[in-house]
Amino acid sequence: MQGTEQGVDPVFRALSDPTRRRVVERLSRGSASVSELARPFDMALPSFVGHLRVLERSGLVRSTKQGRVRTYELMPKRLQAAEDWLAQQRSAWQRRLDRLDDYLLALHQAQQDDDDGSP
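First residue of the sequence shown? That's 1 in my numbering, and the numbers climb one at a time after it.
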């Protein structure tokens, strides 16, 4: 799984926390300032800003500063990278399950053939 560290690992690490997932959900509706994002959370601002830093390092969000206001926006391409990785995994598992299904159908058919041939 070489290359994943630079790919989706930081994204999944960032999304592993419920606070950060809620921030991503909020940013999916549009950009917001730090104070807007922090408002629904019952935590000290420095702790909340730590969550924003994790999201920014993962590439999920980007911040811009205008005067004294720092605004964050969602970077959908990083979510797409995680979605693509999950789709690859889903496809691999689906192929495995399809092979298992084929095997079980063949086994069932062989058992029926044996039962039909017995006196």
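Hints are computed from structural coordinates only; laboratory data are not their basis.
Backbone N, C-alpha and C define an ideal beta-carbon position, used for all residues, glycine too.
Careful, some of the hints might be misleading.
Now the in silico label distances, taken between C-beta atoms and shown as ranges [unchecked claim]:
(1) A110 <-> G59: 43 to 53 Å
(2) K77 <-> L107: 39 to 49 Å
(3) Q88 <-> D42: 16 to 26 Å
(4) P18 <-> K77: 44 to 54 Å
(5) G30 <-> D98: 33 to 43 Å
(6) Q111 <-> Q88: 20 to 30 Å
Here is how each hint holds up against the structure:
1. A110 <-> G59: 43 to 53 Å: Roughly 52 Å apart at Cβ, these two residues keep to the hinted range, so it holds.
2. K77 <-> L107: 39 to 49 Å: holds (45 Å)
3. Q88 <-> D42: 16 to 26 Å: This hint is violated: roughly 38 Å between Cβ atoms.
4. P18 <-> K77: 44 to 54 Å: violated (23 Å)
5. G30 <-> D98: 33 to 43 Å: With a Cβ separation near 41 Å, G30 and D98 satisfy 33 to 43 Å, so the hint holds.
6. Q111 <-> Q88: 20 to 30 Å: Roughly 35 Å apart at Cβ, these two residues miss the hinted range, so it is violated.
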